[in-house]
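**Q** Please model the entire structure based on the sequences and the hints provided.
Residue numbers (the working numbering), protein chains in the order written: chain A, 1 to 207; chain B, 1 to 207.
Not one of these hints is a red herring.
All copies of an identical chain are treated as equivalent in the list; a pair is satisfied when it fits inside any one copy or across any two copies.
In the DSBU-like style, the derived pairs of lysine-lysine whose C-alpha atoms are separated by at most 30 Å in a straight line are: (1) K120 - K187; (2) K120 - K27; (3) K2 - K51; (4) K40 - K51; (5) K182 - K194; (6) K187 - K2; (7) K27 - K187; (8) K27 - K2; (9) K194 - K2.
Calculated from the structure, these hints are not laboratory results.
Protein chains: 2
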Amino acid sequence: MKIAIVTLDGFNEIDSFVALSILSRVKVDGWSVQITAPEKSVTSMNGVEIKARQKLSFANEADVVLFGSGTHTRNHIDNADLIAQFALDPTRQLIGAQCSGALFLHRLGFLPVTAATDAKTRPLLAATGCLIEDKPLIAQGNIVTAGGCLSSQYLAGWVIARALGLEHALAILEHVAPSGQKSSFVKTAADIIKPQLNVPSQPALYC
Amino acid sequence: MKIAIVTLDGFNEIDSFVALSILSRVKVDGWSVQITAPEKSVTSMNGVEIKARQKLSFANEADVVLFGSGTHTRNHIDNADLIAQFALDPTRQLIGAQCSGALFLHRLGFLPVTAATDAKTRPLLAATGCLIEDKPLIAQGNIVTAGGCLSSQYLAGWVIARALGLEHALAILEHVAPSGQKSSFVKTAADIIKPQLNVPSQPALYC
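**A** So, in structure tokens, the structure goes:
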């Protein structure tokens, strides 16, 4: 299972790193979680410069592709050279997006008819005809959207649950949960993730 | 308000980056959040290489110093050259530690008599005579400890609350909360942070 965390200049640290850290707790042969970027290094919205582990083309061969949010998302989706590098396939890949990351789904023609996002991205997505629900996580088929920075924990949990089962996902989420809150955290996570595991895909909203 | 996020090789990405991202949402003159490391670059427990923004000496002049956890913490606290670089002062600074980061508090002579930590660090801290409570966050005076990766959200909230008031902290936490969970998230955060804001300091457990 190759997981590409698409990480571009201006990226939100919570989105990329909470997903990376939780997903990296899976200890299964062949499981690989990689920061994937178009340049050798990228700088976050708060000035953290990181080295990329993989080129953007890794996303096209990965089994899972996650798009986080960031302060430059609208520039990135208008960058035709960048967008042209993606050749994703939602029939074969799990594709997730968080907050403004959903704008990539729209640009790539994969935006589901119902999605979760943050308050800032909501009017932009709503203008496409997409129905935005006030939920942390919404899946349709192999595409999942999440809203609010800290929904990254549910997004990561959903990926693990789809790949290895809900019990595996919840065991890992329990591990990262705050002390003294583990049982309530896991119950909430199960309530959010479980209904999103077997949702049929619907025709995407092409732009 | 200068905030040093002490980030060493093997660091846990959730600890350093959730704190950094939440604390960086404060828009107040002079508020500065910096990844602070002994080398020009450090690599996380899952292989993310980042550039340091500040040298370790920044921690000594900062108003807030946070120690996250990591896979090499026990090596770091046994590194006399590294430990000798810290000259912290809990009468002047807010000092926070998460999970195995509490071992730095012990080594520096600041470990409070009651602390929060994770399951792995618990026996190590308990051996010092420290009382470990199964809570996300415990403060004593200017020192605060947090347990479980995702308690970083409460640790960051506590710092903002101590510096700028609880309302300011809760407004920022509401912003990063998952969609559809914002009111319950903020209520939980308030219940966890508020009782830890005016806790008298007690004599530290010196090693």
